[in-house]
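Peer 1: Please build the complex by placing chain P on the supplied structure of chain Z, with the hints as guidance.
The listed protein sequences derive, respectively, from chains Z and P.
Residue 385 is where the first sequence starts when you use the working numbering, and the numbers rise one by one after that.
Residue 2 is where the second sequence starts when you use the working numbering, and the numbers rise one by one after that.
Across the chosen pairs, the derived CB separations fall in these ranges:
#1 Z:A690 to P:R29: 37 to 45 Å
#2 P:S69 to Z:T542: 17 to 25 Å
#3 Z:V541 to P:G120: 53 to 61 Å
#4 P:G151 to Z:S455: 23 to 31 Å
#5 Z:L386 to P:A36: 52 to 60 Å
#6 P:L255 to Z:G459: 35 to 43 Å
#7 P:V103 to Z:P606: 50 to 58 Å
Think of the hints as simulated: they come from the structure by calculation, not from any bench.
Glycine included, every Cβ here is placed at the ideal spot set by N, Cα and C.
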Amino acid sequence: MLTYVVHRLAQLIVVLFVTSIAIFSMTALLPGDPTVTILGESSTMDQRQALRETMRLDDPLPVRYIAWLGSALQGDLGRSIRTQEPVTQMLANRFPVTLELTFLSLGLAMLIGIPMGIVAARRRGTNIDLTVGVLAMSSMAMPYFWLGTMLIMLFAVTLHWLPPSGYHPLFSDPLANLKLMILPVLTVGTSMTAIIMRQTRSSMLEVLSQDYIRTAHAKGLPERQVVLGHALRNAMNPVVTVAGLQFGALMGGAVVTETIFSLPGLGRMIVNGIFDRDFPVVQGAMLAIVLGVTLVNLITDLLYVALDKRLAH
Amino acid sequence: MSSSSTTTAFAGSGSPLRQQMRSLARHRLGQVGIAIAILLLAVAIFSPWIAPYDPAAIDWNAILMPPSAKYWFGTDEIGRDIFSRILWGARVSVYIVVLSIVIAMVLGSAIGLVASYVGGWLDGLLMRIMDGLLAFPMLVLALGIITVLGPDLNNAVIAIALVNVPSFARLVRGVGLTIRNQEYIAAASTYGASPLRIMLRHFLPNASGQIIVFASLKASTALITESALSFLGLGVQPPTPSWGTMMAIGLDYLNYWWMSVFPGLAIFITVLGLNFLGDAVRDVMDPRLQGSRSH
Numbered sequence: 385m386l387t388y389v390v391h392r393l394a395q396l397i398v399v400l401f402v403t404s405i406a407i408f409s410m411t412a413l414l415p416g417d418p419t420v421t422i423l424g425e426s427s428t429m430d431q432r433q434a435l436r437e438t439m440r441l442d443d444p445l446p447v448r449y450i451a452w453l454g455s456a457l458q459g460d461l462g463r464s465i466r467t468q469e470p471v472t473q474m475l476a477n478r479f480p481v482t483l484e485l486t487f488l489s490l491g492l493a494m495l496i497g498i499p500m501g502i503v504a505a506r507r508r509g510t511n512i513d514l515t516v517g518v519l520a521m522s523s524m525a526m527p528y529f530w531l532g533t534m535l536i537m538l539f540a541v542t543l544h545w546l547p548p549s550g551y552h553p554l555f556s557d558p559l560a561n562l563k564l565m566i567l568p569v570l571t572v573g574t575s576m577t578a579i580i581m582r583q584t585r586s587s588m589l590e591v592l593s594q595d596y597i598r599t600a601h602a603k604g605l606p607e608r609q610v611v612l613g614h615a616l617r618n619a620m621n622p623v624v625t626v627a628g629l630q631f632g633a634l635m636g637g638a639v640v641t642e643t644i645f646s647l648p649g650l651g652r653m654i655v656n657g658i659f660d661r662d663f664p665v666v667q668g669a670m671l672a673i674v675l676g677v678t679l680v681n682l683i684t685d686l687l688y689v690a691l692d693k694r695l696a697h
Numbered sequence: 002m003s004s005s006s007t008t009t010a011f012a013g014s015g016s017p018l019r020q021q022m023r024s025l026a027r028h029r030l031g032q033v034g035i036a037i038a039i040l041l042l043a044v045a046i047f048s049p050w051i052a053p054y055d056p057a058a059i060d061w062n063a064i065l066m067p068p069s070a071k072y073w074f075g076t077d078e079i080g081r082d083i084f085s086r087i088l089w090g091a092r093v094s095v096y097i098v099v100l101s102i103v104i105a106m107v108l109g110s111a112i113g114l115v116a117s118y119v120g121g122w123l124d125g126l127l128m129r130i131m132d133g134l135l136a137f138p139m140l141v142l143a144l145g146i147i148t149v150l151g152p153d154l155n156n157a158v159i160a161i162a163l164v165n166v167p168s169f170a171r172l173v174r175g176v177g178l179t180i181r182n183q184e185y186i187a188a189a190s191t192y193g194a195s196p197l198r199i200m201l202r203h204f205l206p207n208a209s210g211q212i213i214v215f216a217s218l219k220a221s222t223a224l225i226t227e228s229a230l231s232f233l234g235l236g237v238q239p240p241t242p243s244w245g246t247m248m249a250i251g252l253d254y255l256n257y258w259w260m261s262v263f264p265g266l267a268i269f270i271t272v273l274g275l276n277f278l279g280d281a282v283r284d285v286m287d288p289r290l291q292g293s294r295s296h
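Next up, chain P with everything else stripped away, as it sits in the complex:
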């Protein structure tokens, strides 16, 4: 805190992006968040090489073994190594979170851009649809989508993406509305810029900061939704290792605490890290939004 004045003094050099990156690296909770995020990515990428065992290897001679030097986090009901499964589970989590947020971001931004640029009845219609979808609790809407598509890893991605579309759409539309009547937009269209060009070259860059902030805030919610779906048996299907599915099995083996504690810790630490990172990104990129974390 005491270094805030020096921070601003140093931040004077370089492009805005570099300044932001620098202050993000100085944000105390941001540092923890970045560390956890990097660790998660590293584990996701390198899990085939760092996992001590094959995550699917069944060993009937080593079922329900407590944590030991041989099996750090113990083994499950069919003798699979829980530590290895958690490392592999990181892959599934990263895949689902990144893909679903990117899809939600692209679809939501597109809807928000069109709604704010075109305006009128189309804006009204699109936003009423978004309002309707926002009226569902996130998990309940995701469950509804899974009901139609069927439980499966990629369907979980689609469900989580669709659930997050409305909030991105509203965000981008809000930014679009504030700039649509500005003179440079009128100037651009007099010069013959096509609607698509105006949306992509003028509307989108204005919203990009907020989109990034929002995406980083949404990452942890996406992870929680994914693991909840998998926990309910409606997301990632066995034998693919996922933290949520591991916890669902753990619920049947309550006397073997390590089966539930470790996958849960993995989710907890990741969510905590993503929250720290999201808050830090928000503080750095958009100080106006401070304290507006939505859960």
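So that you can see chain Z by itself, here it is in the shape it has in the complex:
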């Protein structure tokens, strides 16, 4: 187990190194004079010269990379070119929003997807199984931005049940926050529910065909206890893994969903940053997302090994 953890940590560091180069290269790869690209044609020579110096454009690339990485490691990701706000400060404000959105979506997906998967597996081949399957296929084919728009139309514009968009910080007014989060969470969580459901169904089916389940039946245990006590426990491992691996996809979904619902999270930060040509902002947000996704993947892998004793060696 220990060697595995060390091995995975080493892998993590290599991956983060590569991604940091990729993110750094974004400014290095800019065609033409980056200061003109960033500040626009109308900028003055002095402005360009000032940016040249802050971006250390006259230094060789490796030197610039090391300097950038060095300050990034110390928590200094530069300042927004538009607002002069430190990027780290922006991340601290926005990361919680995206995290809340992704974790609530994941929670919703597990809450609905796991029971649905169990039912579909138990009733394999029946109309219930078929209906659940069709629902899952459809929700996986629905683009986030379409589902989001439809939800706003239905619940905000037509029924007036929920606000269409906006954001309240969680801790200042939890109820208002949750009310505003319902539609975004449904938007991001629906396809995730389908994925969890499909995975639960297939791993339940696999587990239910095992000998020890037959033994449990033979012992005369009630169905409920066999399914929930014996089968579910072992069927959950792959589900946890899939949920963890889908965290990246959830982050991608959050980018689009935050834009639809005007949530001030990392996704909107990136999209606005691109429109403003505000490179430090885009780079900082991308770095935060990659770091989050890689860490979740690491935790998932370790959890998997910890849950499955056979793999511990």
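Peer 2: Positioned in the frame of chain Z, the structure of chain P alone reads:
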């Protein structure tokens, strides 16, 4: 399902490819997928002739008209016919999806071939780069590439292609590694076959089945990424009709449901069809991969 035994009996004749095509045509969801894919292609090719209106024609006397016999899917905020725009939008979608997947397939396969054939430090280096790129959520990486290149239709193609390169590379490398130590590869190189020839004549054909399966599974993801980029205003730029851009405009006109519902339905049905097709191709060509759809 009940016809599975007759299926195998009939499939005994003809080349493997023809057998596969035949069982694909018998795959129930595959049939739906094929039908949708053919419809999409037909619409993409023939949209100039079948669209009732010019997709860019502005009609100030017919703005925001609900669906009617005259305008099947209604009109948008400057009086353009939404049905015609959706038909033309299919062209853009097909263009982007096909081109980006082909580029990703070629680049990714090349990297995978070289990595598995050469091995050693080059393999290590290439695969670490691929791992790094895979650590990004697909849309986020695409956004990063668009940041550098600028929002534009062809840049969207490049971004979607690059985002998909790592998974093709890993797939082909995996196949390459399983055959690199086989005797016929050693025999081929003793006979003087060049590395390029070995890669193209021996490695590539072994991987081709899986490459095709993977490409068909990736098509729907490519479409979703494209429409998401366009929706965010970072892909296809107006006035070119694209489903994602149409939906972005629809978000500003929520009281006029037809502006969002129809382009969204077009994306939904196409993605569903491509998913069915991809799953069917996988079932037919590589039964071992069943149930391994990545989303």
